[in-house]
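Novice: Protein chains in written order, with this note's numbering: chain A, 1 to 172; chain B, 173 to 471; chain C, 472 to 621.
Hint data in this document are derived by calculation from the structure and do not stem from the laboratory.
Hints may contain errors.
Stated by the list, open to error - Below are the DSS-like pairs computed for lysine-lysine, each with C-alpha atoms no more than 25 angstroms apart in a straight line:
no.	chain 1	residue 1	chain 2	residue 2
1	C	K547	C	K599
2	B	K175	C	K589
3	B	K213	A	K10
4	C	K599	B	K213
5	B	K213	C	K486
6	B	K322	B	K186
7	C	K514	C	K547
8	C	K486	C	K514
9	C	K547	C	K575
10	B	K213	C	K589
11	B	K405	B	K322
12	C	K476	C	K514
13	A	K152	B	K270
14	C	K599	C	K523
15	B	K418	B	K405
16	A	K10	B	K175
17	A	K10	B	K226
18	C	K476	C	K601
19	B	K270	B	K306
20	C	K562	B	K322
21	B	K378	B	K407
22	C	K601	B	K322
23	B	K322	C	K599
24	C	K589	C	K523
25	C	K614	C	K486
26	C	K599	C	K562
27	B	K378	B	K418
28	B	K175	C	K523
29	B	K213	C	K523
30	B	K322	B	K306
31	C	K614	C	K508
32	C	K547	C	K486
33	B	K306	B	K186
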Amino acid sequence: MAKVTSKRVKGQLIPISLTINGTLHEIDVEPHELLLDVIRDRLGLTGAKRSCDVQVCGACTLLLDGRPVSSCTLLAFEARGREVMTIEGLAQNGKLHPLQEAFIEHGGFQCGFCTPGMILTAKTLLDENPDPTEEEIINFMQGNICRCTGYKKIIESILAAAKKMKASSSRI
Amino acid sequence: MLKRFRLEEPESVKDASDFLARHGESARVYAGGTELLLVMKEGLIQYERLINIKNIAGLDEVKLDDGVIHLGALATHCKLASSTLLQERLPAFVRMEKNVANIRVREVGTLGGNLSFAEPHADPGTVLMVLGAKLVAGKSSSRREIPVEKFFVDAYETCLEADEILTGIRVPLLPSHSAVAYLKFGYLERPSVGVALFLAVDGGGKSIADARIAVGCVGPAPKRIEEAESLLKGKGFDEASRLISKAGEIAGDASQAISDLHGSQDYKEHIVQVLLKRAFHQAYGQCQPGGKGQGGLHG
Amino acid sequence: MRFEKEIEILNSKEKVWAFLWDVDRFITCVPGCKEAKTVEAGKSYTAMMVEKVGPFRVEFPMGIEVLESQAMSHIKAQASGSDSRVGSRLKVEIDVRMKEEGEKTHLSLGVTVDILGKLATLGHSIIKRKADLVMEEFAQAIKNRLEGVS
Chain A
1 MAKVTSKRVK GQLIPISLTI NGTLHEIDVE PHELLLDVIR DRLGLTGAKR
51 SCDVQVCGAC TLLLDGRPVS SCTLLAFEAR GREVMTIEGL AQNGKLHPLQ
101 EAFIEHGGFQ CGFCTPGMIL TAKTLLDENP DPTEEEIINF MQGNICRCTG
151 YKKIIESILA AAKKMKASSS RI
Chain B
173 MLKRFRLEEP ESVKDASDFL ARHGESARVY AGGTELLLVM KEGLIQYERL
223 INIKNIAGLD EVKLDDGVIH LGALATHCKL ASSTLLQERL PAFVRMEKNV
273 ANIRVREVGT LGGNLSFAEP HADPGTVLMV LGAKLVAGKS SSRREIPVEK
323 FFVDAYETCL EADEILTGIR VPLLPSHSAV AYLKFGYLER PSVGVALFLA
373 VDGGGKSIAD ARIAVGCVGP APKRIEEAES LLKGKGFDEA SRLISKAGEI
423 AGDASQAISD LHGSQDYKEH IVQVLLKRAF HQAYGQCQPG GKGQGGLHG
Chain C
472 MRFEKEIEIL NSKEKVWAFL WDVDRFITCV PGCKEAKTVE AGKSYTAMMV
522 EKVGPFRVEF PMGIEVLESQ AMSHIKAQAS GSDSRVGSRL KVEIDVRMKE
572 EGEKTHLSLG VTVDILGKLA TLGHSIIKRK ADLVMEEFAQ AIKNRLEGVS
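Only chain A is shown next, with the shape it has when bound in the complex (with noise of 0.2 angstroms):
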């Protein structure tokens, strides 16, 4: 295989609009960029993170579409006519989503570098299942890791949000 630099490969750019956190963005990524990237660096929305850089932690877990994906392992483009949220994007009119809350009242953090994916990901769970047992949030949330907490704590503030955003949806 022929030795490929950099300097071989001509540029190209990739005009992509997309919606993040209900904004209309349109860019030019070139191909190689990736999702982290641009969200962190262009668009300086820093509550993803790049931790393992292998898609296997969650720290950059952002959701497309309402889906979670590794952001450090998407290519930018990808992202092109689809809606992503980061964390950025979670509270609405400056008021928390009851994840938020519930993280800090139950104290599902530490250091919270890995939180903004676990919030993330927890509510694809919720939306998806509103009701969870502990063992349909634990088998759920494997993909995510915590090196602080143990765990216990995120659990615990999963289910609070599920029982408070239960509450406040049966009051509907």
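Given chain A, put chains B and C in place with the hints provided.
Specialist: Positioned in the frame of chain A, the structure of chains B and C alone reads:
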């Protein structure tokens, strides 16, 4: 940061195949990228061109096609895991798909990509091997069907030609009074040992009409272990139960396990034996009339 | 990783010993070894080790030092090289012992391979398997060459 590459987005298998034929080793098929982008990020391999095949229509369908289950190569693990057709017809396959990697990989990674990349520490190939699946590969103006046993050549190496693309996987419907069990073991990010078993019992549910055993993750590629299978075929449950440890030993020995970070060769061979035994009891129970218990994935 | 191989060659000690030092002929027996050069005969050499596993390709430009050698008896050598593209380093220690057994020469080959860097974590199993194959092919090739088969 990835090295720069050009993106090609063909809309037909023919166009994709033509790109591959034209650019040879400097181009690679790209679908979910969940395996490919990792090795590219590590700098272990570089490509001048990635051929994005996700714009080719119809490659992600999951359907029953003339008595055969058709799995589109571009179907994500997530799509496969949530298919009602597959839950009904191939529940063990669905259970395996539900547990591939993690939720984010399942969302983006495709079955075809997983098989084509041929990472030894993977699940789908082992299960498809006992299902008698055939892999459909297409190129410019032709297509062929490849039995799973022939597909995996070595670690990271399949029998696909340079300009061939995996387009689908065809799985025959399972006969009645049969069951599949897949058990895996691992504590690192990828599975360390995977054992798949297909068992069919005779009408009375008393003796084993057919057995297919495949071992994955421990060697360079998943492997059918016919020697172990013949030990079980035609036997009644009691006799087969007595022989299952021996079958497991044979399977371990034949699996080409090597010592590495996942464990020593002896350890892996032993785990193969343990998982086969558990798979046997699980599958046999499910074969019995009325025995539709699910069983665990980890035994 | 340690590999050991016993090779029986139907040829004299003298012929086998001469073969081991004939760089150009010797490297044809080592799979993946290309462009071998003598820097100082009997002491130091360079060679390029190229290996391919599936689509992955590594190139290690190796420097080889002979540490010890006793005519017709044994050789101890050390080789190392880096592939900066994959951020890895390859270190090999080789010891060869030679014994005459009637018409045959018996070679006892011991090789210790160390991989450092990315390949060590990512490719441990692959490397081991590859190294096993290389040893196997080498043993066969050297037999063939010296027994006049190829």
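Novice: None of the hints should be skipped; say for each whether it holds.
Specialist: Structure-based check of each hint:
no., hint, in the structure
1, C:K547 - C:K599, "22 angstroms, holds"
2, B:K175 - C:K589, "17 angstroms, holds"
3, B:K213 - A:K10, "19 angstroms, holds"
4, C:K599 - B:K213, "23 angstroms, holds"
5, B:K213 - C:K486, "49 angstroms, violated"
6, B:K322 - B:K186, "24 angstroms, holds"
7, C:K514 - C:K547, "11 angstroms, holds"
8, C:K486 - C:K514, "20 angstroms, holds"
9, C:K547 - C:K575, "22 angstroms, holds"
10, B:K213 - C:K589, "12 angstroms, holds"
11, B:K405 - B:K322, "23 angstroms, holds"
12, C:K476 - C:K514, "24 angstroms, holds"
13, A:K152 - B:K270, "24 angstroms, holds"
14, C:K599 - C:K523, "13 angstroms, holds"
15, B:K418 - B:K405, "14 angstroms, holds"
16, A:K10 - B:K175, "12 angstroms, holds"
17, A:K10 - B:K226, "23 angstroms, holds"
18, C:K476 - C:K601, "15 angstroms, holds"
19, B:K270 - B:K306, "22 angstroms, holds"
20, C:K562 - B:K322, "36 angstroms, violated"
21, B:K378 - B:K407, "9 angstroms, holds"
22, C:K601 - B:K322, "21 angstroms, holds"
23, B:K322 - C:K599, "24 angstroms, holds"
24, C:K589 - C:K523, "16 angstroms, holds"
25, C:K614 - C:K486, "12 angstroms, holds"
26, C:K599 - C:K562, "14 angstroms, holds"
27, B:K378 - B:K418, "21 angstroms, holds"
28, B:K175 - C:K523, "21 angstroms, holds"
29, B:K213 - C:K523, "19 angstroms, holds"
30, B:K322 - B:K306, "10 angstroms, holds"
31, C:K614 - C:K508, "23 angstroms, holds"
32, C:K547 - C:K486, "19 angstroms, holds"
33, B:K306 - B:K186, "21 angstroms, holds"
When held up to the earlier numbered hints, the structure conflicts with 5 and 20 and fits the remainder.
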